[in-house]
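Could you put the whole structure together from the sequences, leaning on the hints where they help?
Quick mapping for you: the protein sequence lines, in order, are chains A and B.
Under the numbering used here, the first residue of the first sequence carries the number 1, and numbering increases by one thereafter.
Under the numbering used here, the first residue of the second sequence carries the number 257, and numbering increases by one thereafter.
No lab work stands behind these hints: they were computed from the structure.
Yeah, the Cβ is synthetic: ideal placement off N, Cα and C, and Gly gets one too.
Hints should not be assumed to be uniformly reliable.
Below, a list of computed lysine-lysine pairs in the DSS-like style, where the Cα atoms sit at most 25 Å apart [to be verified]:
1. B/K310 with B/K322
2. B/K310 with A/K88
3. B/K310 with A/K44
4. A/K44 with A/K166
5. A/K88 with A/K166
6. A/K44 with B/K322
Chain A regions said to be covered by chain B (calculated; three or more residues, Cβ under 8 Å) [claimed, not checked]:
7. 11-22
8. 168-175
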Amino acid sequence: MSRRTRLAMFAIAGPGLAVVMLIGMHGMPAFGHYHGVYGLLIDKIEVPERHATDLVTALNFDIRAFDTLGEEFILFASVAGVALLLRKLRHEREGKRSRGIEDHSFAGASAGLQLASLYLVPLLIALGCYIVVHGALTPGGGFQGGIVLAAGPLAILLAGRYFAMKRLAPEWMLEASEAIGAAGYALIGVAGLIIAGVYLKNFLPLGTPAMLLSAGMMPINSVAVGLEVTGAFLVVWTEFLDQELFVERGTGGDNA
Amino acid sequence: MSFLPYVIAAWLLLIGLYGVVSSTNLIRTVLSLTIVQSSTYLVLLGVGYRTGGKAPIVADIPTSSKLVDPVVQVLVLTDVVIEATVTALLLALVVQAHKRFGSIRPADLRALRD
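This is the structure in structure tokens:
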């Protein structure tokens, strides 16, 4: 279909969709007039029942824990998909690890930016760990903290030192972290099945609300998810960066 | 004004779809898709908002405070993770399309067009 045909079709379908959506919105409760029941219920029961002060994490790792398992496996599967799509093809070979790659730098990256990037690495890792373990108390949790943790090694890339980044976060470590995180979450669920009788049911003492070790299994779940997310995102980023920096494209071999 | 968040969500959806339809660059197509998806965040958060409601974190406010719905916030969290993974997968496909066809113009993807 040519671009012009597509645009012509959208000129009809787009306004039509807009009209349907506006009609649909007309029947929605006005903004700020909340009509749900689950939210109000969870606001009431979450602290007495689960001893977690971040209700979002409590939902994520307890009430919707099974959904989070699925979410984790979506992440796992898609990272496997990226690794599969960006595998070394028959006619490709890895380029020489020349000094040019090691010294690549972003256009205009000054010595100051490079220094600041390296300074960021420990700070980002510390902040990431903090966000992961405090998931049940304050905003955060495994997903959010995992991203911050993954950004830590990435700051080394910003300083123009890709191999140094790969040394800090070698591929086997990333893959292990991802796999241990994903398997760990599923195994915590199995422990719940054995000890408490229901898959992913809490089996640990709930502790005092707002203390670091409280809310039962939520901090452990959070750490497992944090490990997986850190590994997963760094695997994806290094896969893409490897494509750009290492892979030399051969001329022959049309079929990939 | 009480429908503004929903109207903006609809606008984001349409403008993102327009981006997908009119795109001449696969990376732009992928980014347009993320705009489509961001409209769902607005709808979800808009549905869960209560006038004067606080964030559902009761670490330093009384548990009896008026809070917004945490359920939709968890759904948005899931949504963000899915968006990131879908974007990564699609961009990996773009990389392979570029290797195969030497171009990232959708019109140049011969095997799909014929």
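Tested hints:
1. Proposed proximity of B/K310 and B/K322 is supported: the alpha carbons are some 6 Å apart, at most 25 Å.
2. For the given pair, B/K310 sits about 50 Å from A/K88 by alpha-carbon distance, which is inconsistent with the 25 Å threshold.
3. Proposed proximity of B/K310 and A/K44 is supported: the alpha carbons are some 14 Å apart, at most 25 Å.
4. A distance of roughly 47 Å separates the Cα atoms of A/K44 and A/K166; the hinted pair therefore is violated under the 25 Å criterion.
5. Annotation: proposed proximity of A/K88 to A/K166 holds, straight-line Cα distance about 18 Å (limit 25 Å).
6. Note on A/K44 and B/K322: the hinted pairing holds, with a Cα-Cα distance of about 10 Å set against a maximum of 25 Å.
7. Counting residues of the stretch 11-22 of chain A whose C-beta lies closer than 8 Å to any C-beta of chain B gives 5; at least three are required, and the coverage claim holds.
8. Here the stretch 168-175 of chain A counts 0 residues with a CB under 8 Å from a CB of chain B, which misses the bar of 3, and the coverage is violated.
In this structure, the earlier hints numbered 2, 4, 8 are contradicted, and the remaining ones agree with it.
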